[in-house]
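Q: Listed below, chain by chain, are the residues.
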Amino acid sequence: MTIRCFSRTLRRMREPVSRREALGRIAKASAVLGAAAAISRLRFDPGGLGLSEVGGDRQVRSFAGPPGPASAPVLAIAKSSTEPAVLVRRAIEALGGMKRFVSNGDVVAVKPNIGWDRMPVHAANTNPLVVAEVVRLAFDAGARRVVVTDASCNEPNRCFQRSGIWRTAHDLGATVILPAAHRFREVRMKGDVLDVWPIYTPLVNADKVINVPVAKHHNLSKYTAAMKNWYGLLGGRRNRLHQNIDVSIADLATFMRPTLTVVDATRVLMRNGPQGGNIDDAIDLHQVIASTDQVAADAYGCTLIGQKPENIGYLKLGHERRIGVMHWEELPHVEV
Amino acid sequence: MLPDDAPDLPSPIPWLGRTGPVPAIDTLSPAPGTRGGTANHAQGHAGSRSHDARGGPGATASRREPRRLPLLGVHGGPGRVSAAHVPGGAPVAVSGAAVAARGVASKKARPKRKRPGSGIPARKVIRGLVWARRLAQAGFFGLFSFFLFNTAFRGTFSASADSPVRLPWPVEGFLLADPFVAAMTLLSTHAVYRGLAWSLVVLGLTLLFGRVFCGWICPFGTLHHFFAWVFPSRYVRGKARVEANHTQGWQRAKYYLMLAFLASALVGSAIGGLFDPICVAVRAIGLGVLPALQYLGIRGAGVAAETNVRALQTASDGSQDYLARTVWTSSQAYFHQTWLIAFLLIAILFMNRFIPRFWCRALCPLGAFLGVLSRFALFGMEKDHSKCTDCNLCLVHCQGADSPQGGVKHRQDECHMCLNCESACPEDVIKFRFLPNRRGTTSAPDLERRTVLASAAAGAVAIPGLRIAGWPDKGYSEKVIRPPGAVEEREFLERCIRCAECMKVCPNNALHPAFFEAGVEGLWTPILIPRIGYCEYSCVLCGQVCPTGAIQKITEKQKMGIGQKPVAIGTAMYDQGRCLPWAMGTPCIVCEEFCPTSPKAIWAEEVEVPKRDDHYSTQGEQPKMLTVKLKRPHVDPSLCIGCGACEKVCPIVDKPAVYVTSAGETRSKTNVILLENTSYGRT
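First to last, the protein sequences are chains A and B. Taking this note's numbering, the leading residue of the first sequence gets 1, the next gets one more, and so forth. Taking this note's numbering, the leading residue of the second sequence gets 1, the next gets one more, and so forth.
You may find that some hints are simply not true.
[Stated by the list, open to error] Partial list, computed: chain B residues near chain A (C-beta under 8 Å): (1) GLN332; (2) HIS336; (3) ALA469; (4) ASP473; (5) GLY475; (6) TYR476; (7) PRO587; (8) PRO596; (9) LYS600.
To be clear, the hints were calculated from the coordinates, so they are not data collected in a lab. No experiment lies behind these values; they were computed from the predicted model shown. No residue lacks a Cβ here, since even glycine has one placed at the ideal position from N, Cα and C.
Please model the entire structure based on the sequences and the hints provided.
A: Here it is, written out as structure tokens:
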């Protein structure tokens with residue numbers, strides 16, 4: 001067979017080609033050359049390492065609503081009940097109600113702390129009842145869709161299930177999204193230590209963002225709640241951040257400005273943070289803090305575990321960067 | 001096979017001593033009103049397998065040339081094939097006519113396909129059963145895949161926070177029903193572990209119906225069945241397929257392998273799991289094929305994300321979510337050194353190109369085990385040799401290479417009970433029935449006594465031979481961190497069948513098939529590689545899916561040590577030369593943050609240490625010396641459970657500054673660090 005084909009080719013080689021065929025072949029060759037040239041022009045890679053200069057203005061994703069009435073407090077501390085739901089309602093009511101923050105038809109991202117494979121009693125994650133009440137209020141205020149999500153530290157399925165948040169949020173009709181590789185996109189934050197990082201998209205693809213952290217002890221930064229909760233916005237290897245934990249928290253809080261912050265201090269981990277694991281490590285404080293100022297919320301919160309805002313690095317940085325006000329006593333605040 | 005010089009006449013049937021003309025097989029007679037067939041006709045018909053070995057060599061010849069003809073542009077020309085098969089010119093006409101007849105038949109409104117030979121139709125019940133078998137194969141393969149996909153914890157919104165995390169399906173079901181696994185572990189541990197009692201079902205089925213497991217149930221067998229149909233479609237067909245489906249001597253290999261493995265089990269190693277078909281399927285598909293598909297999927301999602309077309313991104317996100325919740329999990333799975341596992345799967349599937357179902361015929365120890373048992377089967381084949389016309393249709397469709405054809409004894413031990421032979425037989429030769437007469441059947445495997453003894457001896461000697469090398473009696477490997485709840489190493493090797501269920505289910509991708517870390521004998525047994533994933537503190541899923549009890553079914557309370565001693569799988573150690581606070585004056589202690597025990601096994605000492613200022617000037621002055629406050633981590637070995645969370649999160653990724661070794665594992669009485677009962681932090 002091969003020989004036969006070959007001999008035919010040989011025979012053909014001796015025949016002259018027609019003008020038509022010659023033109024056709026030239027046209028085809030030119031087309032291929034042209035296409036190759038076009039591709040290399042369009043997709044030309046100039047090389048280099050692609051490193052760009054760090055610096056420039058820090059990026060901000062602000063979800064802040066319009067300023068409330070002048071009489072509205074910035075910080076509301078609810079401590080008049082033992083029911084988490086009641087506390088949440090009263091605190092948000094004191095700020096002017098959820099309608100001030102959520103408009104009809106909004107997509108609302110609710111960001112609890114679902115970082116650890118711990119049960120509600122361990123107080124390492126946000127209390128599911130607090131999350132539930134925030135979700136309910138958001139729906140009542142007219143939210144079209146409420147997304148509840150977090151990028152967990154431990155295995156996400158376990159964290160979401162055992163924190164109790166998956167079930168409570170799902171029962172209320174919220175969309176619970178579990179972190180997966182395809183949900184992270186690289187974003188330039190231009191922070192002092194956080195420049196280019198993968199960002200968890202469900203938290204930023206929303207009209208309004210409500211931060212619902214849990215107040216707890218942290219071994220490195222002493223106390224964490226609202227500002228540190230944005231660690232859950234990051235993918236990649238977050239373990240490097242601890243080398244400069246205060247600046248990285250400040251960078252994140254600079255980048256991410258939520259509509260509202262609702263700190264769960266119903267049960268607070270006093271030691272062994274941020275994971276806990278021992279029921280005795282946590283005590284019931286029955287408080288919920290609502291604020292439009294994440295720095296002030298943390299500044300008040302840290303007093304709950306016996307810390308002073310001046311001793312907490314990231315609060316000072318947040319204050320200096322004018323993300324919020326560290327001296328919460330000087331702000332208009334109410335206790336309800 | 002028909003002799004080439006008498007294409008028109010069926011051959012004499014030698015074992016009856018009968019010669020002379022027999023009524024011609026009707027398809028071979030020229031169809032009326034047709035001319036020589038064309039290549040197109042032949043092509044149009046090439047896919048139909050059931051006609052393959054119909055009749056004479058002319059048909060074979062015309063069928064073997066199909067797609068090449070148009071390329072050559074010559075019909076019936078110099079094709080080597082037809083020249084070889086058709087001596088003289090005459091039969092070309094026959095073949096042409098036959099082809100044309102078929103071509104016409106397939107073109108017209110499909111008149112009832114005519115069966116060759118005497119055209120006696122197969123019994124209705126058999127035709128029904130063949131379809132039932134196909135459905136069963138598809139169904140069981142589907143079930144196997146479903147179980148395999150669900151050998152992963154995905155969480156659910158319906159579970160409350162304090163309900164223990166368990167899998168909703170008996171995902172290890174196929175392994176529990178595997179009598180070879182049960183037999184091996186019975187010999188090695190002298191006990192039948194829990195769910196392995198299900199293997200009695202398959203045992204009972206085999207005693208009733210023979211190797212129905214192989215032909216109807218086995219997902220790995222179905223895979224080979226499928227590939228034996230797809231791979232050789234253009235190569236092993238017709239005559240070649242008939243040749244390939246003859247019983248071969250090397251089919252005995254599987255019996256010898258099985259014997260060797262059973263002998264090894266008797267000596268104390270369930271190493272036969274390396275060849276058990278269910279283990280191979282779970283291991284190769286679960287650790288190789290699925291992660292590879294996931295890799296492609298994620299790569300595709302990345303490309304979709306780059307396009308910046310919103311609709312495409314949404315669609316890709318949606319499909320990724322769906323796949324992550326049904327087929328794989330939300331993060332890419334990696335498995336240590338699985339290239340060999342994947343390569344062997346591909347190789348063994350590729351063998352189907354040359355010998356259909358090579359694995360099932362030559363290597364499968366479970367098939368051999370069931371083959372031995374099938375000699376007692378009550379259901380089987382009865383053959384009437386005198387009616388056989390040697391058309392070989394049964395052989396074309398045979399799965400087990402068990403000699404269904406006339407003139408030789410049927411090999412019941414090799415038969416997969418697929419019933420293809422009776423369905424294909426156009427004469428009244430093959431009958432499957434209860435309590436068949438055994439005149440045409442051999443039911444015991446045809447083995448050589450010396451080889452039997454030799455292979456059993458080899459299996460028995462292999463294990464001490466491997467263990468003299470050190471593992472596990474003398475050599476400890478710091479890398480062999482067994483899953484939580486694993487039994488002591490010698491007992492572990494008696495039980496572990498390398499099925500990879502534990503590795504597949506591990507939610508953190510922490511368990512991996514050992515390569516040679518645990519010696520040659522420990523190939524593909526589970527080890528924990530904290531660098532890739534750590535052991536989730538309250539997770540006990542590996543024990544839940546372990547079919548043989550190599551990993552015991554412990555509860556969360558037992559594992560975490562609530563009111564008792566926790567299960568430790570190793571101990572963390574610091575490499576102070578690499579640790580940031582220890583060696584570089586830089587704050588870190590992520591390890592302490594992630595340490596899941598309470599009180600934490602990692603504790604930090606606050607120190608003030610000198611550190612050179614990194615903002616020194618270039619003026620030639622010495623940089624300033626600063627004092628930095630640091631927390632330096634330490635491990636409390638009495639509290640450490642060796643979960644490896646610290647190693648996983650250590651920011652020094654290539655060679656972590658804190659690492660876990662197997663020392664101090666609860667299951668061992670010798671690989672320990674501390675004197676017993678010195679535990680001061682525990683109740």
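Q: Take the hints in turn and mark each one as holding or not.
A: Consistency of the hints with the structure:
{"no.": "1", "hint": "GLN332", "in the structure": "holds (6 Å)"}
{"no.": "2", "hint": "HIS336", "in the structure": "violated (19 Å)"}
{"no.": "3", "hint": "ALA469", "in the structure": "violated (37 Å)"}
{"no.": "4", "hint": "ASP473", "in the structure": "violated (36 Å)"}
{"no.": "5", "hint": "GLY475", "in the structure": "violated (33 Å)"}
{"no.": "6", "hint": "TYR476", "in the structure": "violated (29 Å)"}
{"no.": "7", "hint": "PRO587", "in the structure": "holds (6 Å)"}
{"no.": "8", "hint": "PRO596", "in the structure": "holds (6 Å)"}
{"no.": "9", "hint": "LYS600", "in the structure": "holds (6 Å)"}
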